[in-house]
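2 protein chains.
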Amino acid sequence: MFSLPRPPLSRQLARTVGRLGLRPPVLPSAISRFLPNIVEPLGKVPVVRRWLSQLFINYYGYAAAPRPLALTLGSDYTTWRTLTDRTYSGRHLPPATRQQQAKWPAEADVVALFRRDREIKSTDTSVMFMFFAQWFTDSFLRTSRDDYRRNTSNHEIDLCQIYGLTEDKTSLLRSGSGGQLKHQYIDGKQFPVFLFERRQPGASLVVKSEFQGLHDEEFLIGTILDGVSEKHKDTVFAVGLEHGNSTIGQTMMNVVFFREHNRIAGVLEAEYPEWDDARLFDTTRNVMIVLTLKLVVEQYIKHIGPFDFPIEAVPFLADGELWNRSNWSAVEFNLLYRWHQLVPDVIGSGPDRLEPGEFRNNNPLVLDRGVEGLMALCSRERAGKIGLGNTPSFLVDGSRPGYPSIEERTVALMRKARLRSYNEYREAFGLRRLSGFDQLTSDPQLRRRIEKLYTHIDDLEWYVGIFAEDYPDYLMMGELLTTMVAHDAFTQALTNPLLARNIFNEATFSPAGLKIIGETHSLGQIVARNATPSDEVVVEFRC
Amino acid sequence: MFSLPRPPLSRQLARTVGRLGLRPPVLPSAISRFLPNIVEPLGKVPVVRRWLSQLFINYYGYAAAPRPLALTLGSDYTTWRTLTDRTYSGRHLPPATRQQQAKWPAEADVVALFRRDREIKSTDTSVMFMFFAQWFTDSFLRTSRDDYRRNTSNHEIDLCQIYGLTEDKTSLLRSGSGGQLKHQYIDGKQFPVFLFERRQPGASLVVKSEFQGLHDEEFLIGTILDGVSEKHKDTVFAVGLEHGNSTIGQTMMNVVFFREHNRIAGVLEAEYPEWDDARLFDTTRNVMIVLTLKLVVEQYIKHIGPFDFPIEAVPFLADGELWNRSNWSAVEFNLLYRWHQLVPDVIGSGPDRLEPGEFRNNNPLVLDRGVEGLMALCSRERAGKIGLGNTPSFLVDGSRPGYPSIEERTVALMRKARLRSYNEYREAFGLRRLSGFDQLTSDPQLRRRIEKLYTHIDDLEWYVGIFAEDYPDYLMMGELLTTMVAHDAFTQALTNPLLARNIFNEATFSPAGLKIIGETHSLGQIVARNATPSDEVVVEFRC
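Those protein sequence lines, which keep their order, are chains A and B. Start counting the first sequence at 1; every next residue gets the next number (our numbering). Start counting the second sequence at 1; every next residue gets the next number (our numbering).
These are calculated hints, taken from the structure and not from any lab test. Don't take each hint at face value.
[Said to hold, decoys possible] With a cut-off of at most 16 Å between alpha-carbon atoms, the simulated EDC-like pairs for lysine to aspartate or glutamate come out as follows:
1. Lys515/A to Glu269/A
2. Lys103/B to Glu451/B
3. Lys169/B to Asp85/A
4. Lys169/A to Glu451/B
5. Lys169/B to Glu210/B
6. Lys385/A to Asp470/A
[To be verified] Here are some of the chain A residues that sit facing chain B, going by a computed Cβ distance under 10 Å:
7. Pro46
8. Arg50
9. Asp124
10. Asp158
11. Leu159
12. Thr170
13. Ser326
Just so you know, even glycine gets a beta-carbon here, dropped at the ideal spot from N, CA and C.
This is chain A alone, in the form it adopts within the complex (with noise of 0.2 Å):
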């Protein structure tokens, strides 16, 4: 009969930890700095990378109560609906009470916190980072536009960013034989097609007519293209959302992903020449989907968490977890992932200086220097620090007149979502209470601002209390937004049904696919095997 393995050891013993809840303490820097030299080569020892990986994974994944949630923004008290319809985004704790909302500072105020005076660099992660995790949160994040209440993801990986939203979409990108995606080749390199036309020189774009209904075109066109360069509109490409041409780092990532799909596709059909375009491009998306689960936790979620320990998506890890359950983003995983403060002030110097204006909706950018450069200049160059303090103006006071800017939309979430305080959710995840701003942070400038904007620790609001908290630089944020980041993502990435026992094997993604998934750990070897050999290939998130 079928029976389920014991979990080894490791796993239980891993298992046991992240629910006693150890924390970690802050390590002096004499060890923090020594660490990193012991970090390195006890990573290279398959065994214990993996039950280091198990240890961790699992530390975060019993940090919270698993799903399901018993809320969702769509009632404040549990009804069968806020149980089955994911379309409303879930919530990890219940709504403040009147008394906490009375307290509440402005909005204003709250957003101010969060305006830069001047640029504070982190210690070591690149731009890339910064664009692979806005091309990543993207793709699963989605609040409605018509209703903030609601969602428009599926909650899974699923890779939309190239195969869209919906199958009916991902049939408008295929191109119908050899398992490809549509394509041209600009200067011999591959792309996706445009996705506009011309009907004639100067006449008003439209969305090509293969292409009617992969995206809303009045918001396309009415509002994320408004006040765009013509130049950038004649190069948008068709991929699978509708902000998939927003900054050169989505424009990059796409063409990435679209070209290693092609690539394998490729692979599939000398491999397997009996396939038809249906299997070749299933099986590819399968390798696909999974490929972008390695990268997010081998590499993002290695340069988040400390010392860059070379954590590894073991195989079927969530099968004997209690956290694998259905996927369900909360309204806090939203907003908690707005790192608009690596958003740098430039990026590089010289003839290649990029100002902010130039990161966004600069297709004819990413033709010109080629994807490869690009993300060579970006893996040199420093993102900002995340915290408080330290969004670009931009994003702060917005950009063009009449939209609300970024940070004042997400405060305004914030409050709509009406969530509770900082102290509340560092219980909720496992956390001691802090009982006074000094705890919070060592900034005296800061912990006086707060202080006068909420008086009490107890009142302080989990937005910008996880934004203002102080950490170590071996890490990248404070404890908080870490544990709720790792929590969540952890429970929604390796809960992905390609990566369960019954589905992770060649069948699902024949032996040539999972031979290129056991052999890919970086997206800098997906970026080289797309490249030509006169390409400087250089794809770091640490820099």
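With chain A held as given, fit chain B onto it using these hints.
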């Protein structure tokens, strides 16, 4: 911090036994006759009852690989769609090979195996059980009429029989005050309101405007009610599902649950006068769904199990289990639940006697005799025995010209789903393969007939095999059928979000609601609560 409690030792033991797959032997009749004398007093000891319930549930929960299923009827290989689009029915095993398909006998010969010559009565199962089974399964095993590969179920036990399949439909059924469903009184008793009206006497039926959109009217009037008496049509109730008035059992069960909903809404309104209609309705619905789940486990599955051991719906049982994965019904679950042989040739005797034509589409009978009277009649009448050669002819040969019979449609669906062999399913569910037809059945005539059709036991089709299996008279069906129905039922019912640790509490049900849940263990209690003192209440699945 939130910490998951260690599973108690008893649960760990139960899980281990389930995983080991130790099979219970067929008991010598001296022992099986004696066992009820032990089981009954044992079941009265709460600790023992609870532990044996866990053991029983986990034994079947771990009988097969946990979800996600690798395949659906949508594709013969694993795609992202097969892993995420639950409108396609799942499948436990991959499709049969071409070689297997080539050996299948004619469909008509398979159907003929089911035809009843002379009714064989079950040991101790009532017709009431049969009607409950039909009413219960029609709510979640819902093959799409347009595409056999798909279903119209949300895969949850959600009492859509009285609430409808979507929130829009639910709102049509609600009265809009006091959390009540729309109701009328007939001879002093509460009923749902009628679905149809005639604009003038003798005119043809139309759906009342308040119920526009509740059902597919063309299907309801053109197919379900085709050829049905005008008297029945005039008394069709507005309930959640199109088939909700198709048998006296559907009507009785719907009326009972409908009355209980309105009764509980009234209890909550008295208890919480500050609650609005929505909160009363939603909280009542939460309570009602859990009552359904309790009856399913504590009364219905108890009767299916051996010796009517008082199995208990242990709170939070699924929380710690590895089979607690998103629901997704398999086509095998849909097919194996077609216990058409339960249908007797006749119910009752003398003036009470009901012919099959009277069981169906006969709301006037329910109004005339009353729900309580009919339930008492059905509780005293034995159902047929589950197995080959015992399906009444109207289900084998059809009751209406031009429509295929129920059994013909079932065999056709099995064939379209291309199911693997009986022995392969035995293996997948942890049972040893049979090596000859003599191990399947001791009935020499049936054995010869099956052997003639299939030649070798390994070629025996699954749907025939599960109904051909011999079983001792303390069971209701054979070993593989018991194992599969129990595995699918437990792992879909007990994973209901309302039973999860974070949800099953006073906040979700209210203290008054939780008290009702705690006090309810049988359908008879629910009927009695809504009956008048003059009603005789006898509701039994065993007779």
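Against the structure, the hints:
no.: 1; hint: Lys515/A to Glu269/A; in the structure: holds (15 Å)
no.: 2; hint: Lys103/B to Glu451/B; in the structure: holds (13 Å)
no.: 3; hint: Lys169/B to Asp85/A; in the structure: holds (15 Å)
no.: 4; hint: Lys169/A to Glu451/B; in the structure: violated (51 Å)
no.: 5; hint: Lys169/B to Glu210/B; in the structure: holds (11 Å)
no.: 6; hint: Lys385/A to Asp470/A; in the structure: holds (11 Å)
no.: 7; hint: Pro46; in the structure: violated (25 Å)
no.: 8; hint: Arg50; in the structure: violated (20 Å)
no.: 9; hint: Asp124; in the structure: violated (30 Å)
no.: 10; hint: Asp158; in the structure: holds (6 Å)
no.: 11; hint: Leu159; in the structure: holds (9 Å)
no.: 12; hint: Thr170; in the structure: holds (9 Å)
no.: 13; hint: Ser326; in the structure: holds (5 Å)
When held up to the earlier numbered hints, the structure conflicts with 4, 7, 8, 9 and fits the remainder.
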